[in-house]
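Using the sequences plus the hints, can you model the full thing?
Protein chains: 2
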Amino acid sequence: MKLYDYERAPNPRRVRIFAAEKGIELEKVNIDLGTKQQMGDDYKAINSRISVPALELDDGTVICESVAICRYLDEIQPEPALFGTGAVGKANVEMWHRRMEIEGLQPVADSVRNTVEFFAGRALAGPHDFEQIPALAERGMKRVDIFYDTLNERLNESPFIAGDDYTIADIAALCAIDFARVLKKRIGEDQTALQRWHDTVSARPSAKA
Amino acid sequence: MKLYDYERAPNPRRVRIFAAEKGIELEKVNIDLGTKQQMGDDYKAINSRISVPALELDDGTVICESVAICRYLDEIQPEPALFGTGAVGKANVEMWHRRMEIEGLQPVADSVRNTVEFFAGRALAGPHDFEQIPALAERGMKRVDIFYDTLNERLNESPFIAGDDYTIADIAALCAIDFARVLKKRIGEDQTALQRWHDTVSARPSAKA
Chain A
6 MKLYDYERAP
16 NPRRVRIFAA
26 EKGIELEKVN
36 IDLGTKQQMG
46 DDYKAINSRI
56 SVPALELDDG
66 TVICESVAIC
76 RYLDEIQPEP
86 ALFGTGAVGK
96 ANVEMWHRRM
106 EIEGLQPVAD
116 SVRNTVEFFA
126 GRALAGPHDF
136 EQIPALAERG
146 MKRVDIFYDT
156 LNERLNESPF
166 IAGDDYTIAD
176 IAALCAIDFA
186 RVLKKRIGED
196 QTALQRWHDT
206 VSARPSAKA
Chain B
6 MKLYDYERAP
16 NPRRVRIFAA
26 EKGIELEKVN
36 IDLGTKQQMG
46 DDYKAINSRI
56 SVPALELDDG
66 TVICESVAIC
76 RYLDEIQPEP
86 ALFGTGAVGK
96 ANVEMWHRRM
106 EIEGLQPVAD
116 SVRNTVEFFA
126 GRALAGPHDF
136 EQIPALAERG
146 MKRVDIFYDT
156 LNERLNESPF
166 IAGDDYTIAD
176 IAALCAIDFA
186 RVLKKRIGED
196 QTALQRWHDT
206 VSARPSAKA
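Just so you know, the protein sequences line up as chains A and B, in that order. Residue 192 in the numbering used here sits at position 187 of the first sequence, with consecutive numbering throughout. Residue 200 in the numbering used here sits at position 195 of the second sequence, with consecutive numbering throughout.
Just so you know, these hints were derived from the structure itself, not from any lab. Treat the hints with care, since some could be wrong.
Covered stretches of chain A, going by a simulated chain B footprint (3 or more residues, C-beta under 8 Å) [claimed, not checked]:
no., segment
1, 58 to 69
2, 75 to 86
3, 91 to 104
A few chain B residues facing chain A, derived, Cβ under 7 Å [as the list claims (entries may be wrong)]:
no., residue
4, Val67
5, Ala73
6, Arg76
7, Tyr77
8, Glu80
9, Ile81
10, Lys95
11, Glu99
12, Met100
13, Arg103
14, His133
15, Phe135
16, Ile138
17, Arg144
18, Tyr171
DSSO-like, lysine-lysine: derived pairs with alpha carbons at most 27 Å apart [said to hold, decoys possible]:
no., chain 1, residue 1, chain 2, residue 2
19, A, Lys41, A, Lys7
20, B, Lys95, A, Lys49
21, B, Lys213, B, Lys7
22, A, Lys95, B, Lys147
23, B, Lys49, A, Lys147
24, B, Lys33, A, Lys95
25, A, Lys7, A, Lys213
26, A, Lys49, A, Lys95
27, A, Lys41, A, Lys213
28, A, Lys27, B, Lys95
29, B, Lys27, A, Lys95
30, B, Lys7, A, Lys95
31, B, Lys147, B, Lys190
32, A, Lys33, B, Lys95
33, A, Lys95, B, Lys95
34, B, Lys41, B, Lys213
35, A, Lys147, B, Lys147
36, B, Lys147, A, Lys41
37, A, Lys7, A, Lys49
Just so you know, even glycine gets a beta-carbon here, dropped at the ideal spot from N, CA and C.
Here is the structure:
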């Protein structure tokens, strides 16, 4: 299996952490987004959506979308159960994971892609070009602030985001928060529960994957 | 089980169709978004995110987020397998479903919520108020046009969106396309594969759920 990867991007990192938690070794192929390598014909032939990550199986099948790749890895290596266990447990993890994506990863991406000069004319990933929208970046920053507050509240009552166990929801939140450094956003001094959680999940070896 | 529902909204419809395909009967409780009933204290006590759908189990557990509810329903009633079968099959459905959400449901929602007068000051669902962003509505419409084109291409080569079988990806796409009527968007006369698929999935009894 080959993972088409780019170290600094948050979405491939989600997959790398997920695989590391599962103990799955992936051959990594760097696609240098910094030089727009994803737009070249070689990568387009692998993933016409020109995004990373993408997972290529030994038979040539390509799976795109971070969470689809995680699902595949979960199927071939069910333990530990990062998508939850039991009907209610799986639904609960899906709910929290979705919230981390909608309330965390998305607003961080909205802000980064609509402000950083490198993304001018490329405000959305994928094969279509869109201009930056400053008002969307501004909305994103407000939502990021709200995200940190709600996360701190949640982590005041729960060791991990979806409950007692580390799950894919923690991975999404960690990638969102670490990516928000680009926006100079930091965990507030009064957000002690969020800081405690961030220290804990960052100390896991998978965080360096 | 009670489903907190609103007939005209696309997200509760995703769950209603999913449940109907599974043959699961849900008691429906209408939350009238037209009169902002979701903002009342009664509903806030059920779902502090003030969004529909939400599923309340008999023991009082509440599951929010459409896809989390679908996961729960899938766990209690695995057939038919609307999330795919086998490791590659499940990953493939997840990939296509994500694409339908990111490339279809999201831009339709961006356009509707940032143009329709009813959503002024409420451009995002949830407990926080945001002003409409006209440029985001405009970007949404361009993306909706692209969505119809790419969907038509895909359905030229595949009976359903994820392949040979009807899955949750078809449900997401159907809800996106039907919701786009608000924007006066229609399937183009030359988009014959998309029209054929739309006729097929709309003729299933679940489409009326």
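Evaluated hints:
| no. | hint | verdict |
| --- | --- | --- |
| 1 | 58 to 69 | holds (count 4) |
| 2 | 75 to 86 | holds (count 4) |
| 3 | 91 to 104 | holds (count 10) |
| 4 | Val67 | 9 Å, violated |
| 5 | Ala73 | 4 Å, holds |
| 6 | Arg76 | 5 Å, holds |
| 7 | Tyr77 | 4 Å, holds |
| 8 | Glu80 | 4 Å, holds |
| 9 | Ile81 | 6 Å, holds |
| 10 | Lys95 | 5 Å, holds |
| 11 | Glu99 | 4 Å, holds |
| 12 | Met100 | 4 Å, holds |
| 13 | Arg103 | 4 Å, holds |
| 14 | His133 | 6 Å, holds |
| 15 | Phe135 | 6 Å, holds |
| 16 | Ile138 | 5 Å, holds |
| 17 | Arg144 | 6 Å, holds |
| 18 | Tyr171 | 18 Å, violated |
| 19 | A:Lys41 <-> A:Lys7 | 20 Å, holds |
| 20 | B:Lys95 <-> A:Lys49 | 24 Å, holds |
| 21 | B:Lys213 <-> B:Lys7 | 19 Å, holds |
| 22 | A:Lys95 <-> B:Lys147 | 36 Å, violated |
| 23 | B:Lys49 <-> A:Lys147 | 22 Å, holds |
| 24 | B:Lys33 <-> A:Lys95 | 23 Å, holds |
| 25 | A:Lys7 <-> A:Lys213 | 19 Å, holds |
| 26 | A:Lys49 <-> A:Lys95 | 34 Å, violated |
| 27 | A:Lys41 <-> A:Lys213 | 24 Å, holds |
| 28 | A:Lys27 <-> B:Lys95 | 18 Å, holds |
| 29 | B:Lys27 <-> A:Lys95 | 18 Å, holds |
| 30 | B:Lys7 <-> A:Lys95 | 19 Å, holds |
| 31 | B:Lys147 <-> B:Lys190 | 11 Å, holds |
| 32 | A:Lys33 <-> B:Lys95 | 23 Å, holds |
| 33 | A:Lys95 <-> B:Lys95 | 15 Å, holds |
| 34 | B:Lys41 <-> B:Lys213 | 24 Å, holds |
| 35 | A:Lys147 <-> B:Lys147 | 26 Å, holds |
| 36 | B:Lys147 <-> A:Lys41 | 23 Å, holds |
| 37 | A:Lys7 <-> A:Lys49 | 16 Å, holds |
Comparing the model with each numbered hint stated earlier shows that hints 4, 18, 22, 26 do not hold.
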